[in-house]
Amino acid sequence: MLRIDQEIHDAIVAHAKKDHPDEACGVVAGPEGSDTPTRFVPMVNAASSPTFYEFDSHDLLALYKDMDVRDEEPVVVYHSHTATEAYPSRTDIGLAMEPQAHYVLVSTREHGNNEGPVEFRSYRIVDGEVTEEEVVVAAPEKS
Amino acid sequence: MAVEVRIPTILRTYTGGEKAVSGAGATLSELIDDLETNHPGIKDRLVEDKDGQDDLRRFVNVYVNDEDVRFTGGLDTSVDDGDQVVVLPAVAGG
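Order-wise, the sequence lines are chains A and B.
If you use full-length UniProt numbering, the first sequence corresponds to residues 1 to 143, in order.
If you use full-length UniProt numbering, the second sequence corresponds to residues 1 to 94, in order.
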């Protein structure tokens, strides 16, 4: 199960809508071993493509060094599909290299850049095997 | 002295869980061969055969002192004692 704050969920959706028709991508980092996504980090899709995404190699290094300093890991790795459903493609499965991460897929095929609901789904991808999991969006904490 | 190599989570099965290991070599290619002797199997995850020659795998990034080796000569990139090498799988998909 992926438990994610409403605010972070909405930030991922907003990023996907903004970059449509290209794929958007990023991570949500969290304390190592906590399984809690806390720090939203949108990344540039260096491929600028509607069918492919890749973090820029220097941004990737900076991201991992930053997480290392903060004792974080990528709890969520997200990207969007802009013309197909929010399910990992064969390429996604072949290139999934973070066995502890929740792979979040957002599909913007229905409303593109506009307001409207999107598919928001989460998966584990380990050794080429995909397992969908429940997504629980937590309401912001009341103070 | 040696070269420190930072290992990503996915490859730590080859390093007994270690986040960083040390190696030796004058070039990245030699360094990877040295890693292979201590951590058998790791080379195949970093390097593939391209037209009869070793080449870095397309979706593996290697940095020597923060420089992506794709821009500094690939496997021929020189390494020196005290250098830091970071291996990171690409975050990519379709």
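These are calculated hints, taken from the structure and not from any lab test.
Ideal placement from N, C-alpha and C gives every residue a C-beta, glycine not left out.
You may find that some hints are simply not true.
As the list claims (entries may be wrong) - With the Cβ distance kept under 7 Å, some of the chain B side facing chain A (calculated, not the full set):
id, residue
1, G52
2, L56
3, F59
4, N61
5, Y63
6, D68
7, V69
8, G73
9, G74
10, V87
11, P89
12, G94
To be verified - Straight-line Cα separation of at most 25 Å, DSS-like style, residue types lysine-lysine; simulated pairs:
id, chain 1, residue 1, chain 2, residue 2
13, B, K19, B, K43
14, A, K65, B, K43
15, A, K65, B, K19
- Query: Should the hint that G52(B) touches chain A count as held when the rule is a Cβ pair under 7 Å?
  - Reply: 24 Å, violated
- Message: With the threshold set at 25 Å, check whether the alpha-carbon distance from K65(A) to K43(B) stays at or below it.
- Response: Since the Cα atoms of K65(A) and K43(B) sit roughly 23 Å apart, the hinted pair holds (cutoff 25 Å).
- Message: Take the shortest C-beta to C-beta distance between G73(B) and chain A; is it under 7 Å?
- Response: 15 Å, violated
- With 7 Å as the cut and Cβ atoms as the points, is N61(B) at the interface with chain A? 5 Å, holds
- Task: Verify the interface restraint on G74(B): the C-beta must sit less than 7 Å from at least one C-beta of chain A.
- Result: 13 Å, violated
- Report holds or violated for the interface hint on L56(B), using the least CB-CB distance to chain A and a cut-off of 7 Å. 12 Å, violated
- Query: Taking 7 Å as the limit, does the beta-carbon of P89(B) come near enough to a beta-carbon in chain A?
  - Reply: 4 Å, holds
- Does D68(B) pass the interface hint, meaning its C-beta sits closer than 7 Å to a C-beta of chain A? Constraint on D68(B) satisfied, holds at 5 Å.
- Message: Checking one constraint from the list: CA of K19(B) to CA of K43(B), max 25 Å. Satisfied?
- Response: Distance of about 16 Å is within 25 Å: holds.
- Item | Restraint satisfaction for G94(B) [CB to CB of chain A, less than 7 Å] | Hint on G94(B): holds, closest Cβ of chain A at ~3 Å, below 7 Å.
- Against chain A, with CB atoms and a cut of 7 Å, does the hint on V69(B) hold up? 10 Å, violated
- For the hint on F59(B), does the least C-beta distance to chain A fall short of 7 Å? 6 Å, holds
The earlier numbered hints that this structure contradicts are 1, 2, 7, 8, 9, 10.
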